[in-house]
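> The residues making up each chain are set out below.
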Amino acid sequence: MKGPIASGATLLVLMFIFLKFVLPLVTAPLPASLIYLYLALTLSGIMIFGTMSASSLENLMGPIFRFLSGKGQSGVGQMARLAVLVLFPLLVGWQTYTRLAPSDLPPAENRTIHPAPPGEFVGLANPYQNNEANVNMGKGLYAAYCSPCHGANYDGKGTAAPGFNPPPANFSDPGTIAQLQESYLFWRIKKGGVGLPVEGMPWKSAMPRWEVELPDEFIWKIIMGEYDGAHQSPRTWEEED
Amino acid sequence: MLNRLRFLSMIIWVGVFGILGLSIGFASDPPPADEVGTSVSVRMYQVEGTLPVDDPNSSQWASIPGSEFKLAPQVHWPERIQEVTVKSVKVKGLHNGEEGAILVEYEDPTEDPQDAAAIEFMVGDQKAHFAHGQPMLQVEGGPVNIWFWKKENGKALDMSAKGFKTLTTQEKQDVKATGAWEGGSWKVVFSRALKTEDDKDVQIEPGEWRSVAFAFWDGAVVDGIVKEKGSQKAVSSWWSIRAEPSADNSIFGWVILGLALAAGFEFVVVRKLRKGQSA
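Protein chains in written order, with our numbering: chain C, 8 to 248; chain F, 436 to 714.
A few of these clues could be false.
[What the hints assert, rightly or not] Derived lysine to aspartate or glutamate pairs resembling EDC-like cross-links, with alpha carbons at most 20 Å apart: (1) F/Lys611 with F/Asp489; (2) F/Lys562 with C/Glu206; (3) F/Lys611 with F/Asp633; (4) C/Lys164 with F/Glu518; (5) F/Lys586 with F/Glu540; (6) F/Lys522 with F/Glu617; (7) C/Lys197 with F/Glu575; (8) F/Lys600 with C/Glu218; (9) F/Lys525 with C/Asp111; (10) C/Lys78 with F/Glu701; (11) C/Lys197 with C/Glu116; (12) F/Lys662 with F/Glu514; (13) F/Lys607 with F/Asp634; (14) F/Lys600 with C/Glu220; (15) F/Lys522 with F/Glu503; (16) F/Lys635 with F/Asp560; (17) C/Lys164 with C/Glu127; (18) F/Lys664 with F/Glu518; (19) F/Lys525 with F/Glu546; (20) F/Lys590 with F/Asp547; (21) F/Lys630 with F/Asp609; (22) C/Lys197 with F/Glu514; (23) F/Lys562 with C/Glu116; (24) F/Lys710 with C/Glu65; (25) F/Lys707 with C/Glu65; (26) F/Lys505 with C/Glu116; (27) F/Lys585 with F/Glu617.
[As the list claims (entries may be wrong)] The following residues of chain F were derived to be distant from chain C, with all beta-carbon distances above 12 Å: (28) Pro544; (29) Asp547; (30) Thr601; (31) Thr604; (32) Ala615; (33) Lys630; (34) Thr631; (35) Gly659.
Think of the hints as simulated: they come from the structure by calculation, not from any bench. Keep in mind the model is a prediction, meaning the values are calculated, not measured. Even glycine gets a Cβ: it sits at the ideal position worked out from N, Cα and C.
I would like the entire structure built from these sequences, with the hints used as guidance.
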């Protein structure tokens, strides 16, 4: 089968294969809704191209119109037309049902994992020198206060960790503290789960509000110990310039 | 004529593509697999007649599926605890339109007078922190309603809290609880009318989601000291709970309407095409 319908269909299939299977080889997989959007755009392109002139329109839609109108059809063509005409309302009915049927899934949570800190915690520098004595003190404090949940290996796998939801942060993962500035960690350690803004709902974080129990000095040194122990570096503005 | 054909062809393409796309679930990703436990919510199944509120071992409980949630030691505020006895809890729910019952089942090797279990709910529309609804620093959080059962009391307490050290027993006690220990595991049934007159209580409306959390204490005495008490307990953070709504037959009316509209659409398109072709 030749003609604009076949080439249009081929283009759509190729586009789908590209978006779904080829693109994830070089980047993160696309969400299904985005793939659908790109395919809809591709289809719009095909439609615009196919409806530019009377003859291209006839080439694109003629066979479809003749198929749907059913004139002069017999045998397989007739059966196929009947199948399409019966299946289409059934699909609409099924779609209506699945949209309206009560779902057993609870409402989705749109928890922001790293919400913006309050202004007073933006751009603070660690006032303590990054030397061996301070790092070691930080690691000692970390072992005492943080490691039960965040793990002796800074991997979020402390002895108390398994039951938490959300799980304790894994500092050795390049997606956690390596993406954050020291002042951000200072905020999260100092204020804990109750310091979260409204974007952090539904407020499940069991992170203690350490300002009640530890002086700022301890918190800054713990941050040093965390980065050193997890073999990560804090994000800095200089790097981004 | 050309414009009409163009318009008709657009409608056919867009309609078919849209409906097919949605129908095969193209436009929505499946919900992400839960990372921590296996469940995210508790379903309170609707039944007729009385609920097995006094019998944790009733066959009615055995006949419905449950949910399971992992528990963690309470480390959020002092006095902390770093290892707890109860590692996970199975939860089942029933309601009959008037009354609701929740069964919690968990392993605890010994039966002790100080053993205790609690279910916590957010109250009203305001979100609350899972740790006793303690005040949030940036946003105002709401209160929580806690149903607490202790072996030695043999009954439930209906309580409220909004922050640490604010836990109070309500004036109006609406909750009942019964516990049964056997072979290293506790089964405790909590029950209450779905709705109460008390604005400090969670109001359970069938079909609507509520937030729920759990806590358990192993009251075993080790070296003369109760192992887990007060803030030293096993806890979960928020999960969801819903009393099943009554079957809604109006859905089928909408499905028939959808079918009829689609068939009508086909009829009009085919008729127009036939007219166009014979012209």
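> Next, verify each hint and record whether it holds.
Against the structure, the hints:
no. : hint                   : verdict
1   : F/Lys611 with F/Asp489 : holds (9 Å)
2   : F/Lys562 with C/Glu206 : holds (12 Å)
3   : F/Lys611 with F/Asp633 : holds (16 Å)
4   : C/Lys164 with F/Glu518 : holds (14 Å)
5   : F/Lys586 with F/Glu540 : holds (14 Å)
6   : F/Lys522 with F/Glu617 : holds (18 Å)
7   : C/Lys197 with F/Glu575 : holds (19 Å)
8   : F/Lys600 with C/Glu218 : holds (18 Å)
9   : F/Lys525 with C/Asp111 : holds (18 Å)
10  : C/Lys78 with F/Glu701  : holds (15 Å)
11  : C/Lys197 with C/Glu116 : violated (25 Å)
12  : F/Lys662 with F/Glu514 : holds (12 Å)
13  : F/Lys607 with F/Asp634 : holds (10 Å)
14  : F/Lys600 with C/Glu220 : holds (17 Å)
15  : F/Lys522 with F/Glu503 : holds (11 Å)
16  : F/Lys635 with F/Asp560 : holds (12 Å)
17  : C/Lys164 with C/Glu127 : violated (31 Å)
18  : F/Lys664 with F/Glu518 : holds (13 Å)
19  : F/Lys525 with F/Glu546 : holds (18 Å)
20  : F/Lys590 with F/Asp547 : holds (15 Å)
21  : F/Lys630 with F/Asp609 : holds (10 Å)
22  : C/Lys197 with F/Glu514 : holds (18 Å)
23  : F/Lys562 with C/Glu116 : holds (13 Å)
24  : F/Lys710 with C/Glu65  : holds (16 Å)
25  : F/Lys707 with C/Glu65  : holds (16 Å)
26  : F/Lys505 with C/Glu116 : holds (19 Å)
27  : F/Lys585 with F/Glu617 : holds (16 Å)
28  : Pro544                 : holds (18 Å)
29  : Asp547                 : holds (21 Å)
30  : Thr601                 : holds (14 Å)
31  : Thr604                 : holds (24 Å)
32  : Ala615                 : holds (24 Å)
33  : Lys630                 : holds (20 Å)
34  : Thr631                 : holds (23 Å)
35  : Gly659                 : holds (25 Å)
Violation of the numbered hints given earlier is confined to hints 11, 17; the remaining hints are satisfied by the structure.
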